[in-house]
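Since the structure of chain E is provided, determine the placement of chain F on it from the hints.
Line by line, the protein sequences are chains E and F. If you're matching positions, the first sequence starts at 24 in this note's numbering and goes up one per residue. If you're matching positions, the second sequence starts at 2 in this note's numbering and goes up one per residue.
Hints may contain errors.
What the hints assert, rightly or not - Listed below are several chain F residues computed to face chain E (Cβ distance under 10 Å; list not exhaustive):
#1 V5
#2 P45
#3 F47
#4 S102
#5 K103
#6 L104
Claimed, not checked - Taking lysine-lysine pairs in the DSSO-like style, the calculated list, with each CA pair at most 30 Å apart, reads:
#7 K80(E) - K43(F)
#8 K108(F) - K80(E)
#9 K80(E) - K70(F)
#10 K41(E) - K43(F)
Just so you know, the hints here were simulated from the structure itself, not pulled from any lab data. Just so you know, even glycine gets a beta-carbon here, dropped at the ideal spot from N, CA and C.
Next come the chains, spelled out residue by residue.
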Amino acid sequence: EAQVTQNPRYLITVTGKKLTVTCSQNMNHEYMSWYRQDPGLGLRQIYYSMNVEVTDKGDVPEGYKVSRKEKRNFPLILESPSPNQTSLYFCASSSNPLDTQYFGPGTRLTVL
Amino acid sequence: EDQVTQSPEALRLQEGESSSLNCSYTVSGLRGLFWYRQDPGKGPEFLFTLYSAGEEKEKERLKATLTKKESFLHITAPKPEDSATYLCAVQPLPLNTGANSKLTFGKGITLSVRP
Chain E
24 EAQVTQNPRY LITVTGKKLT VTCSQNMNHE YMSWYRQDPG LGLRQIYYSM NVEVTDKGDV
84 PEGYKVSRKE KRNFPLILES PSPNQTSLYF CASSSNPLDT QYFGPGTRLT VL
Chain F
2 EDQVTQSPEA LRLQEGESSS LNCSYTVSGL RGLFWYRQDP GKGPEFLFTL YSAGEEKEKE
62 RLKATLTKKE SFLHITAPKP EDSATYLCAV QPLPLNTGAN SKLTFGKGIT LSVRP
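For reference, chain E alone in the conformation it holds in the complex:
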């Protein structure tokens, strides 16, 4: 089954404790992206990747890092999480930047 998977699905952590949210897709897509969703603000792009080793900032990149060492994986790294990063995070992928993006199930992160 074609899908985007994320882990963990739920995470509660404390300020400053580094964490990684994994994202993997099995569709051989070149384009991958991370979004955060907050009430009243909609979905906003954090980072995106056009292909392996090619990543760039989206609208709200502060406090986040990403890497794209393999085509299928696109982890999101929070080196020193803060409470304002409490949010619902989605990974998405598409065959190219102009094609339909397919979303993962989401990761609900709470930073205390």
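Same frame as chain E, now just chain F:
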């Protein structure tokens, strides 16, 4: 800057009561307009892509239409299982070949269909 406004914010319908959801947008040049459905606690699920004014697409009880300034998602004879948040997003034409073309999302319309 690209903008997407969805209205109303919330809509409550009786089962079988048809209605429309609105998505107004401003974009420098439209590459595509996307409709997604999102259930609570889940990721957005792709519904439709529309590329040019006058285009229409249908899927079961849903029909999406596009003009130069807005898109409508028409729901005919809705059922309780159609209850969800419906998201609209626009994608501009890329500045050059291979460039990123970021989706701009609206805040969504929460639809509740009562049996």
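ask   = Holds or violated: V5(F) as interface residue toward chain E, Cβ cutoff 10 Å?
value = Interface hint status for V5(F): holds (8 Å vs cutoff 10 Å).
inquiry  = Please check whether P45(F) passes as an interface residue: C-beta within 10 Å of a C-beta belonging to chain E.
reply    = Hint on P45(F): holds, closest Cβ of chain E at ~5 Å, below 10 Å.
ask   = Given the hinted pair K80(E) and K43(F), is their alpha-carbon gap at most 30 Å?
value = With a Cα-Cα distance of about 25 Å, the restraint between K80(E) and K43(F) holds, given a limit of 30 Å.
message = Given S102(F) as an interface hint, is its Cβ closer than 10 Å to any Cβ of chain E?
response = Holds, because the Cβ-Cβ distance from S102(F) to chain E comes to roughly 5 Å (cut-off 10 Å).
query = Straight-line Cα separation of K108(F) and K80(E) no greater than 30 Å?
reply = holds, 22 Å
ask   = Between K41(E) and K43(F), does the CA-CA distance stay at or below 30 Å?
value = Holds - the C-alpha atoms of K43(F) and K41(E) are around 25 Å apart, at most 30 Å.
query = Was the hint right that L104(F) lines chain E, CB cutoff 10 Å?
reply = L104(F) check passes; min Cβ-Cβ to chain E is 7 Å, inside 10 Å.
Supplied contact hint for F47(F), tested at 10 Å Cβ to chain E = Result: holds, 6 Å to nearest chain E Cβ.
message = Would the hint on K103(F) be counted as holding, given a Cβ-Cβ threshold of 10 Å to chain E?
response = The hint holds - K103(F) has a Cβ within 10 Å of chain E, the shortest such distance being about 6 Å.
ask   = Does K80(E) pair with K70(F) here, judged by a C-alpha cut-off of 30 Å?
value = holds, 28 Å
The structure fails none of the hints (numbered hints given earlier).
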